[in-house]
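Asks: Here is what each chain is made of, one letter per residue.
Number of protein chains: 4
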Amino acid sequence: MGDEKRSQAVGECKIDVRVRYAECDAMGYLHHGRYWEYFEMVRTELLKQNGFRYRDLEAAGTFFVVYKCSCRYLRPIRYDDLVRVTAEVVRTTRTRVDHTYHMAVTGQRTTEAASTLACVGRDGKPTLMSDELWSCTTNGHPDE
Amino acid sequence: MGDEKRSQAVGECKIDVRVRYAECDAMGYLHHGRYWEYFEMVRTELLKQNGFRYRDLEAAGTFFVVYKCSCRYLRPIRYDDLVRVTAEVVRTTRTRVDHTYHMAVTGQRTTEAASTLACVGRDGKPTLMSDELWSCTTNGHPDE
Amino acid sequence: MGDEKRSQAVGECKIDVRVRYAECDAMGYLHHGRYWEYFEMVRTELLKQNGFRYRDLEAAGTFFVVYKCSCRYLRPIRYDDLVRVTAEVVRTTRTRVDHTYHMAVTGQRTTEAASTLACVGRDGKPTLMSDELWSCTTNGHPDE
Amino acid sequence: MGDEKRSQAVGECKIDVRVRYAECDAMGYLHHGRYWEYFEMVRTELLKQNGFRYRDLEAAGTFFVVYKCSCRYLRPIRYDDLVRVTAEVVRTTRTRVDHTYHMAVTGQRTTEAASTLACVGRDGKPTLMSDELWSCTTNGHPDE
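Residue numbers (the working numbering), protein chains in the order written: chain A, 2 to 145; chain L, 2 to 145; chain S, 2 to 145; chain V, 2 to 145.
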């Protein structure tokens with residue numbers, strides 16, 4: 002890949018998500034299991050910023066599966082809150098991508114999280130990312 | 002298919018489901034959108050009673066998609082309630098199956114619902130059920 | 002309430018929702034049970050357009066619960082599709098509101114639905130809407 | 002609390018959960034965000050084994066909120082798999098409980114996870130567990 006494209010690689014993405022009623026539990030808080038959908042959404046957008054559509058990747062036989070994840074819930078998030086969700090690529094190899102995430106409501110940090118995704122084929126077995134894909138998931142520094 | 006197997010076709014199924022915390026909304030009630038998961042579960046079991054595993058049907062290229070559905074919520078259902086969910090096949094053609102459902106908590110009816118499923122292939126286009134599958138979805142009366 | 006405000010009542014609302022990966026089933030289609038979350042989202046926004054925040058209504062002891070609903074799935078919706086969701090108030094009484102909904106992807110209608118909500122108090126018992134709330138849920142014609 | 006009851010405290014719980022169709026993603030795998038519902042279910046049962054119903058605790062003003070969690074997904078889990086979910090209390094203080102979890106399908110470990118719950122009041126502020134509750138969440142060793 003040329004330097005030009007490489008230098009355009011985007012390693013961070015922010016989206017705003019309005020919390021749905023159905024996502025909240027009996028305490029009126031966003032259920033802790035739903036946060037992973039938000040992180041998934043921001044990863045979808047991060048890929049798009051780099052020219053990839055995850056839907057097309059899957060159609061072409063490249064899948065990312067979550068291998069591990071962790072989350073700290075600092076403050077609760079409530080129904081109808083507008084949540085700023087930020088993802089950053091922090092490390093990558095040919096078969097894995099590490100992201101960190103944080104979330105904030107009206108500027109106050111509510112959540113910190115991290116995940117490791119593995120790149121697999123249609124059979125679920127580990128596979129190498131293409132040069133292009135790898136480049137875009139390396140936070141702009143594919144050669145590191 | 003032979004009369005013997007046909008006469009064994011089962012048109013009704015009951016399962017018991019314990020309501021999860023995550024399924025309840027801020028009122029503490031089972032969210033109305035989650036009911037469809039319960040109906041899906043009882044359909045899975047109904048097929049099993051007739052010797053089919055939906056997972057295997059999909060692997061073989063036969064899918065059932067919901068074409069229409071309706072539900073009446075007579076009484077709320079709460080977290081940790083044990084819900085008796087009943088499904089019945091009420092009508093079938095070679096390409097569609099109609100089910101009715103009801104739910105009850107400690108013997109008291111909470112919910113009445115109905116759905117029409119269409120049989121489609123991997124491409125999403127309508128397809129005919131096999132004789133065997135059709136037989137088992139006809140409430141024991143495949144020739145009607 | 003004055004004629005001025007009444008004439009501002011908004012009976013229709015449109016939102017755009019990007020389909021999440023987690024919302025799709027093994028066929029890659031938006032799961033039929035998830036549609037109700039989308040309809041709930043558009044109702045939240047419809048109330049806002051009329052000056053109400055559902056979160057505040059609940060805090061003040063007014064709840065809307067789904068009493069019945071129905072949906073026709075005309076075409077599948079897929080992961081990453083941008084869905085235009087439209088809700089309209091079609092009928093209202095002091096204790097109930099009827100909405101119809103439709104959804105479209107790139108201009109093509111995918112879904113038609115309807116629901117009846119009941120207004121209840123914290124104890125789950127039917128209650129009358131306030132004049133103001135009733136006015137805004139009457140499609141701009143509160144006196145009909 | 003008497004020694005008798007204390008010695009009955011149960012620190013581990015196992016449940017079997019059948020994976021729902023709606024819980025699986027486009028790969029046909031149980032979505033990583035849904036695992037937390039399974040862990041929540043087994044915690045509900047663990048409390049019951051010790052004589053508490055979480056629904057009643059909430060009604061009485063005692064809530065457990067997830068403060069942090071982590072999970073490793075060793076093998077995928079599929080629709081209609083029967084999953085054995087195990088939870089164990091590994092550490093407790095008057096305001097927090099640490100659980101570890103693992104999941105297995107047909108005897109093969111698929112998942113390892115951990116969480117820390119905080120005990121809070123209706124206002125979301127940290128609160129001390131009652132003696133009785135604390136005792137039952139201490140893995141049978143409340144005095145350690």
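No lab work stands behind these hints: they were computed from the structure.
Hints may be right or wrong, so weigh each one.
The list treats identical chains as one, so a pair stands whether inside a single copy or across any two.
Unchecked claim - Once the Cα atoms are required to be at most 20 Å apart in a straight line, the calculated SDA-like pairs of lysine to any residue come out as:
id, residue 1, residue 2
1, Lys15, Asp124
2, Lys126, Arg79
3, Lys49, Arg76
4, Lys126, Met28
5, Lys69, Val84
6, Lys49, Arg35
7, Lys69, Glu113
8, Lys49, Asp17
9, Lys126, Leu75
10, Lys15, Arg95
11, Lys126, Gln50
12, Lys69, Thr101
13, Lys126, Asp99
14, Lys126, Ala27
15, Lys15, Lys126
16, Lys49, Ala27
17, Lys126, Arg21
18, Lys49, Arg79
19, Lys126, Val18
20, Lys15, Thr63
21, Lys49, Arg110
22, Lys69, Asp17
23, Lys126, Ile16
24, Lys15, Leu83
25, Lys126, Thr111
26, Lys49, Glu59
27, Lys49, Lys126
28, Lys126, Glu13
Computed from a predicted structure; not experimentally measured.
Asks: All the hints need checking, so say for each whether the structure fits it.
Replies: Status of the hints after comparison with the structure:
{"no.": "1", "hint": "Lys15 - Asp124", "in the structure": "neither (32 Å within a copy, 30 Å between copies)"}
{"no.": "2", "hint": "Lys126 - Arg79", "in the structure": "between (38 Å within a copy, 15 Å between copies)"}
{"no.": "3", "hint": "Lys49 - Arg76", "in the structure": "neither (30 Å within a copy, 25 Å between copies)"}
{"no.": "4", "hint": "Lys126 - Met28", "in the structure": "between (40 Å within a copy, 13 Å between copies)"}
{"no.": "5", "hint": "Lys69 - Val84", "in the structure": "between (23 Å within a copy, 19 Å between copies)"}
{"no.": "6", "hint": "Lys49 - Arg35", "in the structure": "neither (22 Å within a copy, 24 Å between copies)"}
{"no.": "7", "hint": "Lys69 - Glu113", "in the structure": "both (15 Å within a copy, 9 Å between copies)"}
{"no.": "8", "hint": "Lys49 - Asp17", "in the structure": "both (16 Å within a copy, 18 Å between copies)"}
{"no.": "9", "hint": "Lys126 - Leu75", "in the structure": "between (36 Å within a copy, 12 Å between copies)"}
{"no.": "10", "hint": "Lys15 - Arg95", "in the structure": "neither (25 Å within a copy, 38 Å between copies)"}
{"no.": "11", "hint": "Lys126 - Gln50", "in the structure": "neither (27 Å within a copy, 34 Å between copies)"}
{"no.": "12", "hint": "Lys69 - Thr101", "in the structure": "both (12 Å within a copy, 15 Å between copies)"}
{"no.": "13", "hint": "Lys126 - Asp99", "in the structure": "within (18 Å within a copy, 33 Å between copies)"}
{"no.": "14", "hint": "Lys126 - Ala27", "in the structure": "between (39 Å within a copy, 16 Å between copies)"}
{"no.": "15", "hint": "Lys15 - Lys126", "in the structure": "neither (31 Å within a copy, 30 Å between copies)"}
{"no.": "16", "hint": "Lys49 - Ala27", "in the structure": "between (35 Å within a copy, 19 Å between copies)"}
{"no.": "17", "hint": "Lys126 - Arg21", "in the structure": "neither (35 Å within a copy, 24 Å between copies)"}
{"no.": "18", "hint": "Lys49 - Arg79", "in the structure": "between (28 Å within a copy, 17 Å between copies)"}
{"no.": "19", "hint": "Lys126 - Val18", "in the structure": "neither (33 Å within a copy, 26 Å between copies)"}
{"no.": "20", "hint": "Lys15 - Thr63", "in the structure": "neither (24 Å within a copy, 35 Å between copies)"}
{"no.": "21", "hint": "Lys49 - Arg110", "in the structure": "neither (25 Å within a copy, 26 Å between copies)"}
{"no.": "22", "hint": "Lys69 - Asp17", "in the structure": "neither (24 Å within a copy, 23 Å between copies)"}
{"no.": "23", "hint": "Lys126 - Ile16", "in the structure": "neither (31 Å within a copy, 29 Å between copies)"}
{"no.": "24", "hint": "Lys15 - Leu83", "in the structure": "both (13 Å within a copy, 18 Å between copies)"}
{"no.": "25", "hint": "Lys126 - Thr111", "in the structure": "between (35 Å within a copy, 15 Å between copies)"}
{"no.": "26", "hint": "Lys49 - Glu59", "in the structure": "within (14 Å within a copy, 31 Å between copies)"}
{"no.": "27", "hint": "Lys49 - Lys126", "in the structure": "neither (24 Å within a copy, 30 Å between copies)"}
{"no.": "28", "hint": "Lys126 - Glu13", "in the structure": "neither (28 Å within a copy, 33 Å between copies)"}
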